[in-house]
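With the hints as extra help, turn the sequences into a complete structure.
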Amino acid sequence: MTSTMRKEPLLYMEEYRVKQDPQDYGLADDVFSVEAFKEKLHIKIVKNDEDGLEFDLIGVYPAIANAFRRLMLSDVPSMAIEKVYIYNNTSIIQDEVLAHRMGLLPLRADPRLFAYRTEESTEAGTEQDTLEFELKVKCSRRRDAGKDQSNFDDIYKNHKVYSGHLKWLPKGKQAQIYSESAVNCIHDDILIAQLRPGHELDLRLVAVKGLGRDHAKFSPVATATYRLLPQIKLNREVSGKDAYLLQSCFSPGVIGIDENETAYVKDARYDTCSRNVYRYPQLNDAVTLSRIRDHYIFSVESVGALKPDVIFLEAVKVLKRKCRAFIDEIEAE
17 MTSTMRKEPL
27 LYMEEYRVKQ
37 DPQDYGLADD
47 VFSVEAFKEK
57 LHIKIVKNDE
67 DGLEFDLIGV
77 YPAIANAFRR
87 LMLSDVPSMA
97 IEKVYIYNNT
107 SIIQDEVLAH
117 RMGLLPLRAD
127 PRLFAYRTEE
137 STEAGTEQDT
147 LEFELKVKCS
157 RRRDAGKDQS
167 NFDDIYKNHK
177 VYSGHLKWLP
187 KGKQAQIYSE
197 SAVNCIHDDI
207 LIAQLRPGHE
217 LDLRLVAVKG
227 LGRDHAKFSP
237 VATATYRLLP
247 QIKLNREVSG
257 KDAYLLQSCF
267 SPGVIGIDEN
277 ETAYVKDARY
287 DTCSRNVYRY
297 PQLNDAVTLS
307 RIRDHYIFSV
317 ESVGALKPDV
327 IFLEAVKVLK
337 RKCRAFIDEI
347 EAE
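Each residue of the sequence shown is one higher than the one before, counting from 17 in the working numbering.
Treat the hints as calculated values from the structure; they're not laboratory data.
Be aware that one or more of the hints could be misleading.
Calculated pairs, DSSO-like style, for lysine-lysine (alpha carbon to alpha carbon, straight line, at most 30 Å) [stated by the list, open to error]:
#, residue 1, residue 2
1, Lys-35, Lys-56
2, Lys-333, Lys-60
3, Lys-187, Lys-323
4, Lys-333, Lys-233
5, Lys-56, Lys-282
6, Lys-152, Lys-187
7, Lys-233, Lys-249
8, Lys-338, Lys-323
9, Lys-176, Lys-163
10, Lys-60, Lys-35
11, Lys-60, Lys-336
12, Lys-333, Lys-63
13, Lys-152, Lys-183
14, Lys-338, Lys-54
15, Lys-338, Lys-60
16, Lys-99, Lys-187
17, Lys-336, Lys-233
18, Lys-173, Lys-189
19, Lys-56, Lys-249
20, Lys-99, Lys-35
21, Lys-183, Lys-173
22, Lys-152, Lys-233
23, Lys-233, Lys-323
24, Lys-187, Lys-154
25, Lys-183, Lys-154
26, Lys-63, Lys-257
27, Lys-63, Lys-323
28, Lys-323, Lys-60
29, Lys-63, Lys-23
30, Lys-183, Lys-163
31, Lys-54, Lys-323
32, Lys-323, Lys-56
33, Lys-249, Lys-99
34, Lys-60, Lys-249
Derived CB-CB ranges, DEER-like [said to hold, decoys possible]:
#, residue 1, residue 2, range
35, Arg-337, Gly-214, 49 to 59 Å
36, His-58, Glu-317, 19 to 29 Å
37, Thr-288, Arg-220, 40 to 50 Å
38, Leu-129, Val-50, 26 to 36 Å
39, Val-50, Pro-268, 36 to 46 Å
40, Ala-140, Ile-346, 40 to 50 Å
Note that the Cβ used here is the ideal one computed from N, Cα and C, for glycine as well.
Here's what the structure looks like:
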């Protein structure tokens, strides 16, 4: 983080348009240099837990911010079910729909521990590049079920097929390296199908390592988004009924009201920039709405195989490899 105060480039959000600061000529005046980039770049972690990662990426070009988002979505690998061998399916779900549902089941397997399948790889795969599962479920009527019972759980056995029914079939020495909980589905309660007596599923599933650019099932993130940091400035004092009206124009927690019933900016970070304030003539001159054009708020939610912070670090590594490959091509010319 730099010790000098930087002048934040703003985009003003007026009633019907977005206006640039008259003293800010945007990227047209920016001459790129590595030293200037390193001086401006700043990353601030706001939240990092199992549910998601939120961080601020400050002082970078939009192309760089979008590159990280695209890399997390499309170029960080994960494991997913690629082949579904259906030996028996007497449920009401068509084979192709069932296979599609199986492919979207999120697996806990760490993709960094596996290799990509190559064109020379056999269909069965190896212990280094393939995980294999089976799903065998048959629905039957419970013998102790009474005629007056209406709850399907009391009447039928295995009438709901969940992701927890998948059984891992270790290949080679995989059982000595991994545990079943480390490679199976992340959630055991994902509903796959509903059966009735006589219905049966008998499947063999093959999971491989892949990229989100090939199919969305390989994407390691549920969501990866960014937005510009909002900035709200009150131009004059707003109090009384107008203060409460001003508060209602913004997301909860953005505008606060003190003991004198005077409005103040409590936290502009989570404002959605809806511009509702311009609907009221008595308020449209009281607020200046803007966004900082080089301050990005990133939100990353992992599917579960990799932690959100690990996904971002893997995206940085991918970008580094791409840049190195591009530089090598230029130097080779």
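Tell me, which hint numbers fail for this structure? Result: hints 7, 18, 20, 26, 30 and 33 break, sorted rising.
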